[in-house]
Amino acid sequence: MYRNGWLRAHLGSVGVLGVFLLITALTSLYSYLLFHTTAELFSIIIAGAIFIIAWNSREYLDNQYLLFLGIGYLFIAGIDLVHTLAYSGMNIFTGYGANLPTQLWIAGRSLEAATLIAAPLMIRRRLYARLLGVVYAAIFALLMASIFWWGIFPDCYIEGAGLTPFKIYAEYVISGALALSILFLWQRREAFERDILDLVILSIIATIGSEIAFTFYVSVYGFSNLVGHLLKIISFALIYFALVESGIRRPYDLIFRNLKQNEEELRRSEERFHAIIEDQTEFICRFLPDGTHLFVNEAYAAYFDMSPEELVGRSFRPTIHPDDRERVRAFFASLSPDHPVDSIEHRIIMPGGEVRWQWWNDRAIFDDQGHLIEYQSVGRDITDRKQAREALEENRRQLEEAMDLAHMARWEFDIASGIFTFNDRFYALYATTAGREGGYQMPAEVYAREFVHPDDRHVVADEVEKARETRDPRFMSRIEHRIIRRDGEVRSMVVRTGVSLDEAGRPVKTHGVNQDITERREAEEELQREKDLFESTFESLRDAAFVLGADPVVIRMANAAAEKIFGYSRDEMVGRTTGFLHVDEAALARFHEHVYPFLERGESIPRFRFTMKRKDGTVFPTENAMTPLYGPEGAHTGWISLVRDITPEVEAERREEQAMRQLEENMEQLATLNDQIRNPLAVIVGLVDMDCPGTIGAVMKQAERINDIITLLDAGWVRSEKTWEFLHRHYHLGDETPELQGKDTEDRE
Amino acid sequence: MTDILLVDDNPDICRIYHRMLSKMGYAVETVESGAEALSGLAEDRPALVLLDLMMEPMDGWEVLRRMRADDRMQDVPVIILTGKMLTPDDVLRYGDQIHGFVMKPLRRADLEDVVREFFLEAEDIEARTRNARERGVDEATIREYVALRHQVRVLTEMRGCLDRVLGGGDPDTGGDRPELADIRTRLDDAKARLGELETVIAG
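Line order of the protein sequences matches chains A and B. The first sequence begins at 64 in this note's numbering and counts up by one. The second sequence begins at 368 in this note's numbering and counts up by one.
Next up, chain A with everything else stripped away, as it sits in the complex (with noise of 0.2 Å):
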């Protein structure tokens, strides 16, 4: 294929090399020495044109081979040319005979034979062209000068001899030579591609042939002496041939085979480029200033629930969160030729309303002049990172609260070393810093020394052995002891304690916690102290003294006035509801009756008296003081019960009763007394001074006598009214206190 391939490209080269040979030979029925000089002009023409191609090709040159050749050409047209000009009958050199063409010939055919030697000897070797080229002129001037001046190169013609047995011998080895050429070209044809090779073997074979016809000719203008002059021209075509090929179309066609080869890789790239780009889950995408799409992948498009189709082209701006809008604004403006490429994280509106976050990385792209012209970002949805993030940083934060309010702190032991390294929220609850202490880090003494009470340093001290002498990898413990903080203040902390083991299983590191409990611990205390208080008051009431569920209305504690009033053990009486201190089942409903109401009105229930009855059956009088209990939530949890006996006060009640009533008969009765008195007086004065006026002053006198001691009893009535008002008005003395009548003691008192 290849060779026709050639022949095709060279059809017309070919076809004018015929035509020329052809010429050629026609001439010489003219004559001869045209015909030479034809043939020999051209074929220096040739080996020139050789040159030339070579030399201003030789970067295009596969290898080094052709390059050689062209320039032994221009060396070996140079001597052709004097062989030319020293032809027989050019009579530019005279005296010399046909002697001087013929060794001109064959210095010229050995120079060409050499240089097909060398030259495939050269292929792998640096070609110093500059080098070879003074070599060659050197060895031109070398022939030249044995020629011309020393008469030392061997003569090829005797006149009338004809050719000498050196010349014939010459062209023997001559092309033994080129036969020789033809192997070293032959080894090393992998450097040549096959028809530049076949060429040049062609030319080489050409020569050759050349050479044994010049073997035969007597004359110099004989017929063996025309063939190997077209033979020779036909050889340095084919070198021409193999040159143009080589070093002028191949170098073209591999520009264009490579060029085509690169568009191929390009289209094959941009393929695999594209489909990175689709098969992208990030958002991808290019955009005007205007925001007018240009490109954007199918990750982005479909994220907005769209084509890339009904994207590009057309402007689009997702909707950015309204807090984000000026940070986006002032990301973009940003963006300059020196500062083309920034990320940025911001939320937008989903169609739907949902707000997402999203990364992007976007590039601005300038112009020579710095003028913006478009965008090209790089971006994706990070909404859940973000929302892992934030999780996490609440978690992280929710944790560092509940430290704080727990006043909690991290440490760590390294057991080797004995150090201890701390935080600043440890050194907070120290009431100190980093700054104060030099550092995190601080020996186990130093800590000891300086914050645990001395009174507590052995606990810590046996805790650390514990930990260092553990093999148990959840050993966890727990310990409380006093520090004293940097303050001086002396707190109470608990520390609780892990171990890190090593893979021989022996602690290298104890971590922990030290919680500031001090607050704690004193409410614990305080506690303690009100429920002691609580339980010593409870205990050491007069009154019988319980403390009942809520529903059912169990006794959960009572007192030990309880257990003297109503005669039971509190063994006896706790757990049980309080029926049986009631007199019968109709009172316990009077009772509750009575006090549920204002349960349920929310109101406090006044002290108010109930019958109650003892363990031996006595039914008693009590007052009663109800106060419901609470829960936390406000539900009703139970009651506080006050029961006194007031037996005594009833009984006093009704002595004081019945001395009052009878002190009320009393003051009537004397009332009434003095008004009875004094009417039979009224009557006497009253018919004594009617009837007898001459003894009224007498009687008057006996009866204002009368009157005085009456009213010295009404004087003590009086008094005793008022005070009697007086106790009824203030001590209700008197009254009647009828039973489950809220009655306000205060007033007593």
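Errors might be hidden in some of the hints.
[Claimed, not checked] Reference listing, derived: stretches of chain A covered by chain B, where coverage requires no fewer than 3 residues with Cβ under 8 Å from a Cβ of chain B:
| no. | region |
| --- | --- |
| 1 | 729 to 740 |
| 2 | 747 to 755 |
| 3 | 758 to 768 |
I should point out that these hints are in silico values taken from the structure, not numbers from a laboratory. Just so you know, even glycine gets a beta-carbon here, dropped at the ideal spot from N, CA and C.
Use these hints to put chain B onto chain A, whose structure you have.
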């Protein structure tokens, strides 16, 4: 027309006082129980009622309460005539409902003084109020003036009576006896108000 209705469950007293008052020229009716008194008052309106307190079954205070609750007799003047000593509480409770107070036993002259002074006082009040009415003083002011005139007199009498019984102290100021402090306050207030009204009534 009856001038004076005497209510007392003691018939001798009724008889004696009837004679005394009749001799003074008054038309006098006597009844011996509260019930009779109320029924009589319902039919005939006297110029003055003399009322005993210690009566059975209805005592004098009850009669007074019923009178004051009854439109037909609520403004009939009442002078208490009793042998029972008053309490400060009685004074405070009834002092503004009665027009005089007098203790038994009393001589004819004393009774005549009491009744005469009452009517003279009544006439004086009548004269002053008539004059005031003519000058256009409003009826409420006049009524208040009349009530205060009686109240001041009665409270003064009652306090004097209590003072005599309890002994000592300054009868004008109520002395230093704490049990009479309320009466003194009431009296002072009434006098002060009466002083104000006197200028209105007198013009």
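Hint-by-hint comparison with the structure:
1. Chain B is given as covering the region 729 to 740 of chain A, and this holds because 6 residues of the stretch bring a CB closer than 8 Å to a CB of that chain, at least three being needed.
2. Restraint check on the region 747 to 755 of chain A versus chain B: 6 residues with Cβ-Cβ distances below 8 Å, three needed, restraint holds.
3. Closer than 8 Å: that is the beta-carbon criterion, and the region 758 to 768 of chain A has 3 residues meeting it against chain B, so the requirement of 3 holds.
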